[in-house]
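Peer 1: The hints should help you fit chain B onto chain A, whose structure is shown.
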Amino acid sequence: MIKGYAGRVLEIDLANRTFVFQPLDEDIARLYIGGKGYGTRLLYDMTPAGIDPLGPENPLIFATGPLNGSVAPQSNRFAVVCKSPLTGGIGNAACGGSFAYGMKRGGIDVIVLKHQSESPVRLEIDGDKSEVRFIDATDLWGKGTYETQQILGKKKYHAVIGPAGENLVRYAGIVSNERIAGRTGVGAVMGSKKLKAITVGGSRKLEMDDPDAFKEYTSWVREHFRDHPVLGESLKRFGTGGIVPTTNARNIIPTHNFKYGHFKDAMKISGQYMEDHELKGVKSSCIHCPVTCGRDVELEGIGRVKGPEYETLALMGSNLDIGDLKRVNEWNYHADDLGMDSISLGASLGFAMELRERGMLSIDIEFGDPSGITELIKDVGHRRGIGNDLAEGVKRMSEKYGGADFAPHVKGLELSAYDPRGSYAQGVEYATTNRGGCHVQGASMYMESVGPLTINPQNLKLKADIPVIQQNLACAINSMVLCIFTTYGMIPKQIHEMDPNSFTYKAITTAFENSGPLFRILMGIKGKPMMWFEKWLTYITGTTFSGGHLQEIGARIFNLERMYNLREGMTGADDTLPHRILHEPTFKGMTSGHPLDQLLPRYYRNRGWDTDGVPLAKTLEKLQVRV
Amino acid sequence: MITVELTYDMSKALGIETFEVDDVPTVADVVAATRAKFGDKGEEFAKLSRVAAVAVNGMLVNYRKGMKTKLAPGDTVAFVKAAAGG
Chain A
1 MIKGYAGRVL EIDLANRTFV FQPLDEDIAR LYIGGKGYGT RLLYDMTPAG IDPLGPENPL
61 IFATGPLNGS VAPQSNRFAV VCKSPLTGGI GNAACGGSFA YGMKRGGIDV IVLKHQSESP
121 VRLEIDGDKS EVRFIDATDL WGKGTYETQQ ILGKKKYHAV IGPAGENLVR YAGIVSNERI
181 AGRTGVGAVM GSKKLKAITV GGSRKLEMDD PDAFKEYTSW VREHFRDHPV LGESLKRFGT
241 GGIVPTTNAR NIIPTHNFKY GHFKDAMKIS GQYMEDHELK GVKSSCIHCP VTCGRDVELE
301 GIGRVKGPEY ETLALMGSNL DIGDLKRVNE WNYHADDLGM DSISLGASLG FAMELRERGM
361 LSIDIEFGDP SGITELIKDV GHRRGIGNDL AEGVKRMSEK YGGADFAPHV KGLELSAYDP
421 RGSYAQGVEY ATTNRGGCHV QGASMYMESV GPLTINPQNL KLKADIPVIQ QNLACAINSM
481 VLCIFTTYGM IPKQIHEMDP NSFTYKAITT AFENSGPLFR ILMGIKGKPM MWFEKWLTYI
541 TGTTFSGGHL QEIGARIFNL ERMYNLREGM TGADDTLPHR ILHEPTFKGM TSGHPLDQLL
601 PRYYRNRGWD TDGVPLAKTL EKLQVRV
Chain B
1 MITVELTYDM SKALGIETFE VDDVPTVADV VAATRAKFGD KGEEFAKLSR VAAVAVNGML
61 VNYRKGMKTK LAPGDTVAFV KAAAGG
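Note that the protein sequences, when read in sequence, are chains A and B.
Residue 243 in the working numbering sits at position 243 of the first sequence, and the numbers go up by one each step.
Residue 31 in the working numbering sits at position 31 of the second sequence, and the numbers go up by one each step.
One chain only, chain A, in its complex shape (with noise of 0.2 Å):
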């Protein structure tokens, strides 16, 4: 077995409570690494085209990469891989917490949940005797994700649902601690499973083919996050919310359902807000990681529990024009208990806001106006009354109450919080990735937009560049398992530290800009392991892994996540962004939206793909993609 794995798959069969566990298939390990790209694979293989995804031919596919189980910062996340009930292409999503931990400790690399169980279960599998109890769950049925892991045990390692997977909410996910595999729907396809919970844990040691290498060069890797502005200063200090300041003031900060992008209350709901006035204490988490984004904050009558990220503080502040940080925690802490994607909530309730602003829709929520959203967040969760409606996410809401045209999603997964049309790549990452509009599948807002380069986000250079790289390099890090943030520590120290006026700087950025397809071509060179990560890799499983050659297993995974989506019915016409993106103008002398027009031909290109978007068969073939 190559190092790093723990060379065992254990697939259970809920509807006949049976389990059997498999070896890992080395060559799929090879191919695709791990968590995200291994999961995509087997769920490619196991199913037909066309499955209803809350039905029960639909897997749910829990996967661990080779990082997963060492001390490697940022490592412990596992990635959920199934058909998703909310976009009906490809669901994934990624969760940090402890449950890595536990499953490579009970030396299993993937789980693979088939068919539904009659009634309420949990599983509790114990590695070191390779077992599986399926146990009643009645009695936790009902229960939130925090009371659920209270019973549980926190000494345990968990992944959870809530009563929004339970209900079958569209965007429900799947905690583990504090944290969730929030997109897509994974919570909702757990649910369907009537699977409350797994406990999963055992003794076992990741196995290293240079351990010492390993240990040495991750305490060099500590110390550079420890000094790094973004790891070690802004995230640490601020959490995620630091970065409400600056997407402010690049109008890219979504308002009043993503039609303006600044908000005049922005600093009431930012990070540098949380310190000052709501800040009880920083912590991490996910096990092994320095880099403390959680934040605790307090709340009335409940107590001390994680406060927002980024996301929700802009989706359930600024997009609804409410800058009350007590009211957003008190909320992001109801979508955590209830297991639900605060994204995709966000989004509906300024969708319904809208609706309701343009006379379409009767509901009892408006802009500017907390009263009404806390009952209604737990009517969303429970499916009552028109939380029904809500729980089916914006798009279907679009089609029920119309107004498509405003609707804030791509594919059906609503958008994240970087408005495109200041982030010109980060649309065309939003409009391609394969699960939907989401920022965390590239970040190329990173590259462009809100990181230390500062290029101009709003012309096209680049812009249909950018995202494919970093959509690769997110396949790859979601694969290993690792947390997309460690990309942030990829531009150093001294580029930050740059004065934006001066010479090398303006230097560094015009080169960087100008680079056209060279970009490409550079982060494709099969080389040395350069980036940790790459490192990491290469010391654990002893086969060498550099930039280029996780570009090569990134584009794999893109490729063939493309190829589910479109044996399932999706086309080019999909690659798109919502109709106010690319045809309102939201800064001062803008006259359209989002170019995508001009962009994604170019992409397509870049993709090796022909003009409606599908894969060519040499681009397959030569990234060993089987369909």
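Worth flagging that the hints you see were computed from the coordinates, not collected in a lab.
Beta carbons are placed, not taken as given, at the ideal position from N, Cα and C, and that holds for glycine.
So the derived label-pair ranges between C-beta atoms look like this:
| # | chain 1 | residue 1 | chain 2 | residue 2 | range |
| --- | --- | --- | --- | --- | --- |
| 1 | B | G74 | A | R384 | 45 to 51 Å |
| 2 | A | K622 | B | M1 | 54 to 60 Å |
| 3 | A | K528 | B | K65 | 37 to 43 Å |
Peer 2: The following block gives chain B in isolation, referenced to the frame of chain A:
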């Protein structure tokens, strides 16, 4: 009038998050006007502004004319730091 929005560090230094200055022709003049407006604290602002990117009406101007960028009445000038969210 020109509206000025500050980064967190700057707003801490000056004790204010946003303020207005009289119409001036360029971003450099905003820095000078702010320095004058806040007296001793203005020096701290000028120091911090050297390592911050500048956005005018949401559009970053560093890759264009930087401090020489021309302004019009009603413009918003924001001093921005690199950050990451998720």
